[in-house]
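Chains as they are written, first to last, in my numbering: chain A, 1 to 106; chain B, 1 to 106; chain C, 1 to 106; chain D, 1 to 106.
Quick caveat, the hints were computed from the structure, so don't treat them as lab data. Worth double-checking, as some hints may not be accurate.
Put simply, identical chains are the same to the list, so a pair is met inside one copy or across any two.
[Stated by the list, open to error] In the DMTMM-like style, the derived pairs of lysine to aspartate or glutamate whose C-alpha atoms are separated by at most 20 Å in a straight line are:
1. 90 - 78
2. 83 - 16
3. 90 - 75
4. 90 - 48
5. 95 - 85
6. 83 - 104
7. 95 - 52
8. 95 - 3
9. 95 - 70
10. 83 - 46
11. 90 - 70
12. 83 - 18
13. 83 - 70
14. 95 - 78
15. 95 - 75
16. 95 - 38
17. 90 - 3
18. 90 - 18
4 protein chains.
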Amino acid sequence: MLDPRARDEILAFVAERDWAQFHSPGNLAKSIAIEAGELLECYQWDQDADPERVRSELADVLTYCVLLAERLGVDLSDIVLEKLEVSRRKYPVDKARGTSTRHDQL
Amino acid sequence: MLDPRARDEILAFVAERDWAQFHSPGNLAKSIAIEAGELLECYQWDQDADPERVRSELADVLTYCVLLAERLGVDLSDIVLEKLEVSRRKYPVDKARGTSTRHDQL
Amino acid sequence: MLDPRARDEILAFVAERDWAQFHSPGNLAKSIAIEAGELLECYQWDQDADPERVRSELADVLTYCVLLAERLGVDLSDIVLEKLEVSRRKYPVDKARGTSTRHDQL
Amino acid sequence: MLDPRARDEILAFVAERDWAQFHSPGNLAKSIAIEAGELLECYQWDQDADPERVRSELADVLTYCVLLAERLGVDLSDIVLEKLEVSRRKYPVDKARGTSTRHDQL
Chain A
1 MLDPRARDEI LAFVAERDWA QFHSPGNLAK SIAIEAGELL ECYQWDQDAD PERVRSELAD
61 VLTYCVLLAE RLGVDLSDIV LEKLEVSRRK YPVDKARGTS TRHDQL
Chain B
1 MLDPRARDEI LAFVAERDWA QFHSPGNLAK SIAIEAGELL ECYQWDQDAD PERVRSELAD
61 VLTYCVLLAE RLGVDLSDIV LEKLEVSRRK YPVDKARGTS TRHDQL
Chain C
1 MLDPRARDEI LAFVAERDWA QFHSPGNLAK SIAIEAGELL ECYQWDQDAD PERVRSELAD
61 VLTYCVLLAE RLGVDLSDIV LEKLEVSRRK YPVDKARGTS TRHDQL
Chain D
1 MLDPRARDEI LAFVAERDWA QFHSPGNLAK SIAIEAGELL ECYQWDQDAD PERVRSELAD
61 VLTYCVLLAE RLGVDLSDIV LEKLEVSRRK YPVDKARGTS TRHDQL
């Protein structure tokens, strides 16, 4: 999915602008929520979103995710794989198949 | 950042549960915003978030980003690099260095 | 807090534009989240938000809350009072006083 | 919509718990976004939300809106009416009628 070049370019972009000073974990979490709201705005009134705008907003969400992971010293692939382990236990295939019901109501 | 194995495991997890039927772009955009809210909750009252909870919520945001990218047929690294191009123009180093001012007020 | 005139003007504004057709509960819930993201953006990098912008974004959140309540046929004061009852039980004064700890960890 | 009793009970609830210390405007803006995410979760996969849960989450959004307005010394009805003035200019009836198009594309 994300190759190391994307991560390196994000970090260089921030370093050149001396922006790490603004990137406390709390500020990055806010930024992810703000950008997620802008992504959602693409789908506010209908499902037919402008593809260019969606790409741009999704990229913003991801960029802040990368920065938060860096700031916390976590590896994005690691945490995704870790969480999948948890989700496999919460949503066993035989119970969860074909339904969007939450695990605590399965 | 994200290696192909993380993406493949996400897609297998969804396929085994037959959940792609719920994953319209609009629903995935909602899901990203919902998970971003849960991530933000880790930092609601102080900056000292529980690292385990942060990892778990950040993983959820990312997982839905991966699913939205798949659904739209876009490559995450591509869109991040594309957006960096735009951001470099909006935030030239000499103007943006050391300030969190928005581009339209620089 | 909100007087009946504010509610009536919101409903007239929507009726004149024939916008109720877009205001499914799900779309209004998205709209609240989108506007909450814009409100949060006022505080993205520092606590010193522009008061005009905050007023405007907070008004947007509220307006969609009013529209959702109308759509669902609920009274805003009623649900606030109802929820306070629940919160009083979850956060008894002697345990919750002076701490931001969540009820399930009190 | 909201009667003064709802506001007074919210303020008493907070005062009894000595929670105003946590309610910086930035923290309240985060709280609104977090609760808006929980409200949106009611509509994550379908439009058929649990009415009890919706009432509860909508009440949470509103409660934090009331607290932010108090903290900033603004009146909720005033800002809603103020914003309607702006929106009437941005969305003139003859152009905006029956369409969900954004004002900058009308």
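Item to check | Hint numbers not upheld by this structure, sorted from lowest to highest | outcome: 3, 4, 7, 8, 9, 10, 11, 14, 15, 16 and 17
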